[in-house]
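Engineer: Sequence:
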Amino acid sequence: MPSDHGTPVATAIQQAPTPTLLPPELPSPTQPASPTPRREATAESAISASPGPRATLPATWTAMPDSAQFWTATPEAESTATATAPSERGFATWTPSPTATRAQPTVSLRYDMLREPIAPPTTAPLSPRISAASAFQYVVPPGQLFAIDDIHLTGGVRLFASNPADSGSYLYTDQNGILRFRAPGAAGAVEISSSPFHPGYSMGIERLEQNKHRVAELDWSADGRKFSFRIDTPACLDTSGAGVWFWQPEAHPAHGHSFQVIRDCAHAGYRPCGFVNPSSARHWKTLAVDWSPIPGDARLLLTLRLPDEDRNALAIARAVADPSYANDAPPMLRYDYGHWDLDAQHIIVSGRRPDGRVVIAQVNAALAEERVILDGAALGIWLQDAARLPTGEVVALGRPSNSGNGALALYNQQGQRISAFVGDAAPDQVRWLPDRSGLVLTVSGRQILLQTETGAMLDASRLVRNPQFSQADSAPPAIPAAVIRGSLYYPGQQLRVLVRALNLRESPSRSAEILATLLWGDYVAVFAGPYDTEGDRWWQVQTAQNGFGWVAGSISGSPTIGPA
1 MPSDHGTPVA
11 TAIQQAPTPT
21 LLPPELPSPT
31 QPASPTPRRE
41 ATAESAISAS
51 PGPRATLPAT
61 WTAMPDSAQF
71 WTATPEAEST
81 ATATAPSERG
91 FATWTPSPTA
101 TRAQPTVSLR
111 YDMLREPIAP
121 PTTAPLSPRI
131 SAASAFQYVV
141 PPGQLFAIDD
151 IHLTGGVRLF
161 ASNPADSGSY
171 LYTDQNGILR
181 FRAPGAAGAV
191 EISSSPFHPG
201 YSMGIERLEQ
211 NKHRVAELDW
221 SADGRKFSFR
231 IDTPACLDTS
241 GAGVWFWQPE
251 AHPAHGHSFQ
261 VIRDCAHAGY
271 RPCGFVNPSS
281 ARHWKTLAVD
291 WSPIPGDARL
301 LLTLRLPDED
311 RNALAIARAV
321 ADPSYANDAP
331 PMLRYDYGHW
341 DLDAQHIIVS
351 GRRPDGRVVI
361 AQVNAALAEE
371 RVILDGAALG
381 IWLQDAARLP
391 TGEVVALGRP
401 SNSGNGALAL
411 YNQQGQRISA
421 FVGDAAPDQV
431 RWLPDRSGLV
441 LTVSGRQILL
451 QTETGAMLDA
461 SRLVRNPQFS
471 QADSAPPAIP
481 AAVIRGSLYY
491 PGQQLRVLVR
501 ALNLRESPSR
511 SAEILATLLW
521 GDYVAVFAGP
531 YDTEGDRWWQ
541 VQTAQNGFGW
551 VAGSISGSPT
561 IGPA
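Counted from 1, the sequence shown has number 191 at position 191 by this note's numbering; the numbering is strictly sequential.
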């Protein structure tokens with residue numbers, strides 16, 4: 001116990017009950033006068049916090065290896081220790097004086113997750129090509145210039161998709177969701193007037209919420225001859241056109257250029273429900289469209305939401321010039337996410353499969369003959385939006401959880417996380433770039449481009465307001481997945497919390513979710529870092545309770561963690 005002068009005096013321990021580690025006593029704060037002023041948020045309060053009540057557990061002691069550090073007490077005398085050469089594990093070894101000892105509780109390291117030190121991450125150039133434009137949603141109002149290479153639009157832009165076979169041909173919607181099309185060789189873009197639209201359709205539509213045929217997604221066939229558009233009807237409007245349509249250059253004698261692929265039947269009372277024959281679900285709504293990557297292939301992979309089952313499903317449809325084709329809903333297979341494999345003979349599926357187990361798997365084009373690539377359920381990892389890269393590797397978004405209710409990061413097909421977590425919440429939408437070089441995640445209203453090769457991220461907030469796809473942007477260095485070589489700490493090093501309370505966060509940011517609050521004297525082990533952002537230096541650590549997260553290593557220049 002501390003003496004009156006604040007100097008600890010060691011005492012002998014004989015058959016003592018298991019001790020409890022306590023922080024140094026702090027003076028009781030003076031009670032403020034009523035009313036109590038509200039504490040303003042500061043950089044310090046974002047990193048540290050007043051500790052709340054912590055569950056009281058009986059202390060347990062674990063025998064430490066010879067190379068670990070521990071404390072020794074002797075009766076009425078100072079403890080002595082002699083440092084020897086580092087052990088094979090790289091820890092300093094201490095030879096205590098011969099007396100009764102007790103080891104402080106430390107972190108039981110997850111050696112299976114510990115990695116060798118890595119080189120410092122480098123700044124990655126991000127140069128979105130015009131083909132990537134279809135992955136974003138824009139906020140360009142009428143009168144403001146939308147410029148991509150030689151394309152200049154001034155009527156307002158919400159969605160844009162360049163023809164993969166002719167960069168001078170494109171689709172776009174204005175801020176009211178009106179679809180316009182510039183055909184190959186045409187002088188300019190014109191409003192689509194074929195079904196479900198009609199000549200002069202946009203007259204009188206002044207807001208997005210007034211457009212019953214609001215276009216929410218644009219996609220091209222691989223050969224650039226056809227395109228699809230998904231209609232998401234606003235609430236309280238006529239839903240007869242809701243679903244997916246496609247356009248072809250050849251006009252049908254009686255029905256023009258456009259035909260419906262699937263009619264949505266989102267809930268009871270939805271108008272299309274009255275003239276479509278369901279297949280294996282009562283209600284569904286289309287979420288995304290993925291054309292086959294093979295030129296000339298008319299197959300579309302549809303991702304559907306099944307509200308009655310609170311899950312997604314997949315379906316294969318075809319772009320057929322038949323006005324009655326959409327009268328029958330296609331078969332729906334219970335996989336949450338799917339994207340065409342490179343050969344278009346298979347599909348990479350992820351999320352929950354029909355039995356609810358979370359996997360990454362490959363199925364054939366009939367959504368059968370499953371071959372599991374990664375069993376996420378066995379590893380305790382949620383996985384979604386998996387796709388095969390041109391290198392042949394399969395990657396997915398995921399998180400250590402049994403659901404996707406939280407920020408996601410990029411994982412490889414071995415189940416290893418290879419990027420930082422994106423944002424501070426689950427994405428509202430995910431779109432792959434056509435060349436699979438990245439994904440665009442919409443998180444809390446922000447669109448973030450995540451590169452698959454480097455894990456670098458670009459906040460596209462400026463890009464979607466002032467698109468310049470021919471101009472390169474620079475992304476900050478990727479968050480390290482291990483300890484950077486030559487850093488202050490080494491992988492697995494045991495540290496202690498040096499402040500009264502320290503927030504453990506899901507990612508290295510003051511705005512990230514707080515996973516736990518560490519108290520003075522708690523042990524942590526270093527797993528990755530450092531990562532400098534927002535004026536702080538962050539480290540990924542493992543706690544004694546086997547939790548993982550990020551902590552700021554200092555507050556106003558004073559360290560918050562240090563060697564035990």
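Keep in mind that the hints were calculated from the coordinates and are not lab data. Keep in mind that this is a model prediction, so the values were computed, not measured. Please note that the accuracy of each hint is not assured.
[Said to hold, decoys possible] Restraint ranges, calculated between C-beta atoms of paired labels, are given here:
no., residue 1, residue 2, range
1, Ala-187, His-267, 24 to 30 Å
2, Ile-294, Ser-401, 51 to 57 Å
3, Ser-108, Asp-310, 34 to 40 Å
4, Glu-116, Pro-400, 53 to 59 Å
5, Pro-323, Ala-366, 23 to 29 Å
6, Ala-344, Gly-168, 54 to 60 Å
7, Ser-401, Glu-250, 45 to 51 Å
8, Gly-168, Thr-391, 38 to 44 Å
9, Arg-282, Ser-511, 29 to 35 Å
10, Leu-237, Ser-108, 54 to 60 Å
Just so it is clear, CB atoms sit at the ideal spot from N, CA and C, and this is done for glycine as well.
Engineer: If a hint holds in the structure, say so; if it doesn't, say that too.
Structural biologist: Each hint tested on the structure:
no., hint, verdict
1, Ala-187 <-> His-267: 24 to 30 Å, "violated, 44 Å"
2, Ile-294 <-> Ser-401: 51 to 57 Å, "violated, 36 Å"
3, Ser-108 <-> Asp-310: 34 to 40 Å, "holds, 38 Å"
4, Glu-116 <-> Pro-400: 53 to 59 Å, "violated, 22 Å"
5, Pro-323 <-> Ala-366: 23 to 29 Å, "holds, 26 Å"
6, Ala-344 <-> Gly-168: 54 to 60 Å, "violated, 27 Å"
7, Ser-401 <-> Glu-250: 45 to 51 Å, "holds, 49 Å"
8, Gly-168 <-> Thr-391: 38 to 44 Å, "violated, 31 Å"
9, Arg-282 <-> Ser-511: 29 to 35 Å, "violated, 41 Å"
10, Leu-237 <-> Ser-108: 54 to 60 Å, "holds, 59 Å"
Consistency note: the structure conflicts with the earlier hints numbered 1, 2, 4, 6, 8 and 9.
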